[in-house]
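Chains as they are written, first to last, in our numbering: chain A, 1 to 544; chain B, 1 to 228.
Don't read these hints as lab results, they were simulated from the structure. Note that beta-carbon positions come from the ideal geometry of N, C-alpha and C, so glycine has one too. Honestly, I wouldn't trust all of these hints.
[As the list claims (entries may be wrong)] In silico DSS-like links for lysine-lysine, alpha-carbon gap of 27 Å or less: (1) LYS21(A) x LYS124(B); (2) LYS12(B) x LYS113(A); (3) LYS146(B) x LYS113(A); (4) LYS12(B) x LYS189(B); (5) LYS189(B) x LYS113(A).
[Claimed, not checked] Quick list of simulated restraints, FRET-style, between CB atoms: (6) TRP182(B) x MET482(A): 39 to 45 Å; (7) PRO219(B) x SER193(A): 28 to 34 Å; (8) GLU420(A) x LYS189(B): 54 to 60 Å; (9) ALA85(B) x ASN15(A): 45 to 51 Å; (10) LEU33(B) x SER421(A): 51 to 57 Å; (11) PRO510(A) x ILE78(B): 53 to 59 Å; (12) TRP182(B) x SER421(A): 41 to 47 Å; (13) LEU53(B) x HIS379(A): 30 to 36 Å; (14) LEU33(B) x LYS342(A): 46 to 52 Å; (15) GLY167(B) x MET482(A): 43 to 49 Å; (16) LYS119(B) x ILE134(A): 40 to 46 Å; (17) ASN284(A) x LEU53(B): 54 to 60 Å; (18) GLY448(A) x PRO152(B): 44 to 50 Å.
[As the list claims (entries may be wrong)] A short, non-exhaustive set of chain A residues, derived as facing chain B with CB atoms under 8 Å: (19) PHE111; (20) HIS183; (21) ARG184; (22) LEU228; (23) LEU229; (24) ALA236; (25) PRO242; (26) LEU244; (27) GLU520; (28) THR521; (29) PRO522; (30) VAL523; (31) THR525.
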Amino acid sequence: MATAVQPVEKTNYLNADYGIKSWLLTTDHKRIALLYLASVTFFFFIGGFFAMLIRLELLTPAGDLMQADTYNKVFTMHGVIMVFFFLIPSIPAVLGNFLVPIMVGAKDLAFPKINLASWYLYMIGGGLTLYGLINGGLDTGWTFYTPFSTTYSNTNVSIVAIGVFINGFSSIFTGLNFIVTIHRMRAPGLTWSRLPLFLWAHYATAVIMVLGTPVIAITLLLVAAERLLHLGIFDAKLGGDPLLFQHLFWFYSHPAVYIMILPAMGVISELVTCFSRKRVFGYNFVALASIGIAVIGFLVWAHHMFVAGISVYAAMVFSFLSYLVAIPSAIKVFNWTATLYKGSIRFDTPMLYVFGFIGLFTIGGMTGLFLAALGLDVHVTDTYFVVAHFHYIMVGGAIMGYLGGLHFWWPKITGRMYPESWAKLSALLVFVGFNLTFFPQFVVGFLGMPRRYHAYPPEYQILNILSTAGASVLAIGYIFPMIYFAWSLRYGKKAPANPWNAAGLEWTIPSPPSTFNFDETPVVTWEAYNYDEIEETQEAEVVG
Amino acid sequence: MSDSQTAVHVLKHHFRDMEQQNETASFGMWLFLVTEIMFFGGLFCAYLIYRVLYFDSFAAASSTIDVKWGAINTAVLICSSLTMAMAVHSAALGKRKALVGFLVLTIILGGVFLGIKGKEYYDKFEENHVPGSNYHFIVEPELAHKFHAIDPAKTEIFFSLYFIMTGLHATHMVVGFGLLLWLIIASMKGKFSPGYYSPVEMVGLYWHFVDIVWIWLFPLLYLISRHH
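Based on the sequences and whatever the hints tell you, model everything.
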């Protein structure tokens, strides 16, 4: 019979089961990664919506679209959602969740149930936060500074603080899972010096998640308790110390920047070698630079407090330490560039994001040095210069890395190819739109425009118009991938197991992988990024 | 059922063997305890700063807490750590009855601790030493003589920290009760054997950790004034 010859689709993690329960109760790290993908995308667009409102308000010097109070709430919601519910979970919880077990050659993360629990905590924390934001909002800025947040703000500080508190445990669970998995679940032969750099970056990220997040958790608990029970821990009127809050807050929230950027660096390391067809330059240095960033990153927090009234000697120490963190960051940038040198470079979409990342991260990093300098920081503190700087790191760096990685591993995750020309176009739009949005903010900030105001003097208008125009381009650049990724799920070309001819265990298994990843535990006998060997076998095949 | 059969039964699909599974569980638990240290660490940091800034007020406030009950509680909790350790030991030897007995004993001792803690909280409530609108700290002449720079507002910070730190500790004990109950039910069903008792071991680590937190809290909160 004719029907009998039809090829049976191979069972993979996506078609193994279709019921809603098989998704909501799954312990498969790949399915949990997809749950995270859907939820962080949802939060990204909510956060993006608030960003749009900010840019619209700033189109004109007068505060005409919304009142000051509303504007305060809008930028707070943008910050809270983007930082805690998009940037921090984005790469680790989506790409990391999917790839960490496969890259170590394991069937799953060490604690699959805890992994699922982390997604539920994320959703509960996100739900509470959204409830607080919609039902009255929050106007403290994402930083929850006391005593405004504990005593004076009439908005939903406690609910949002508890939402972020709960979300913190989701982050802790993810980090804990990664560390234990990388230590204990590696396949035979996969030594630390053979680990893909993506794993080194995620290991460093996980260390920050595990050591830093509990501190912000207890701090937000204290804020909520102080607000609800009128304790005096941070309230100067009762003898408390608002600076203590800032120390505790930034002890986590500065390293949190590295939670956002380190995984993106891991992604870039994978991509740059693959599309240069060359082993990464200085593997050991790139790997240890991740650890270096995580360690030094814990010692620089008070550079957020140079004008808060800390002692000048403390400020000098923190300024010096902040400069130190530039060293491992620069090592990475130099090594990626050196990897490109004499490589056979291909300009596929993920590689476009690599170029975008390297350029934008360098600008973001260099302007970070401006801010680490005590004198200059006083001039630009709380201006748009700071806003532009951290958006170059978080959007130009972290989101570029996230999108690059998503394109690179999309064939592996879904088994489908995305349309290359559309993807290239949107990579270009993201790059152009991003620079147009945020470069003018460096200028306007240096000229003295403060952040967090809904109105500004008319002479800043032209730069703000440029910025808003750029934001529109950027928005289109973000919406395109949404559309063609969704389109590719149904109409995209079927992806082969290894569409990029890339090295790495994840490319040795089918796309999409089966539920348990590997039929047999792999034995690793090669170094990471053995692209010279891959090229040789390819040539041999062609000759043969 | 022999041990090897049990072992195959409880090996989760993503581990190679029981050794890897047990090592992974204990590594994960230690790492979790590190996050707990950081969690309490933020509070200890706040405590340290205010104690240095407002030493006299802290010492005066601390002297109104009854050391006797704190000392008894310390002893109770150390005993519960002993019974917990004995439970792990019994599980390793496969003595099911002893395991259940020691777990129950651990819960009972934990209950005694919380009972005493509740009595102490009630005393503080009676004395209006619970932070909030009814907070009232009377500086007795005797105290004023001993500590010169007492500021009643600063004593409220001491009690804020006292209630948050001991409250968080008590919350951890309540979670511990849940874990112990789960272990008791599982061990009565015969889920554990000398080849597989890592849940008992993990809860044991947790319980000892909670115990150690108290070992720090007791001198920090009860004994400030004692070195005079």
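Here is how each hint holds up against the structure:
1. LYS21(A) x LYS124(B): 50 Å, violated
2. LYS12(B) x LYS113(A): Given pair LYS12(B), LYS113(A) holds - Cα atoms ~12 Å apart, limit 27 Å.
3. LYS146(B) x LYS113(A): 56 Å, violated
4. LYS12(B) x LYS189(B): 19 Å, holds
5. LYS189(B) x LYS113(A): 22 Å, holds
6. TRP182(B) x MET482(A): 39 to 45 Å: Since the Cβ atoms of TRP182(B) and MET482(A) sit about 44 Å apart, the hinted range of 39 to 45 Å holds.
7. PRO219(B) x SER193(A): 28 to 34 Å: Distance hint for PRO219(B), SER193(A) is violated at roughly 46 Å.
8. GLU420(A) x LYS189(B): 54 to 60 Å: 57 Å, holds
9. ALA85(B) x ASN15(A): 45 to 51 Å: 49 Å, holds
10. LEU33(B) x SER421(A): 51 to 57 Å: 52 Å, holds
11. PRO510(A) x ILE78(B): 53 to 59 Å: Since PRO510(A) and ILE78(B) have Cβ atoms about 56 Å apart, the given range 53 to 59 Å holds.
12. TRP182(B) x SER421(A): 41 to 47 Å: 56 Å, violated
13. LEU53(B) x HIS379(A): 30 to 36 Å: 32 Å, holds
14. LEU33(B) x LYS342(A): 46 to 52 Å: Holds: the Cβ-Cβ distance is about 49 Å, inside 46 to 52 Å.
15. GLY167(B) x MET482(A): 43 to 49 Å: 46 Å, holds
16. LYS119(B) x ILE134(A): 40 to 46 Å: 44 Å, holds
17. ASN284(A) x LEU53(B): 54 to 60 Å: For ASN284(A) and LEU53(B) the Cβ distance comes to about 46 Å; the hint is violated.
18. GLY448(A) x PRO152(B): 44 to 50 Å: 45 Å, holds
19. PHE111: 6 Å, holds
20. HIS183: 6 Å, holds
21. ARG184: Given a least distance of 4 Å, the restraint on ARG184(A) holds.
22. LEU228: 10 Å, violated
23. LEU229: Check passed: Cβ of LEU229(A) comes within 6 Å of chain B, closer than 8 Å.
24. ALA236: 11 Å, violated
25. PRO242: Not OK, violated: PRO242(A) not within 8 Å of chain B, min 12 Å.
26. LEU244: 6 Å, holds
27. GLU520: 11 Å, violated
28. THR521: Cβ of THR521(A) sits 7 Å from chain B, so the hint holds.
29. PRO522: The hint is violated - PRO522(A) has no Cβ within 8 Å of chain B, the shortest such distance being about 12 Å.
30. VAL523: 12 Å, violated
31. THR525: With Cβ-Cβ at 18 Å, over 8 Å, it is violated.
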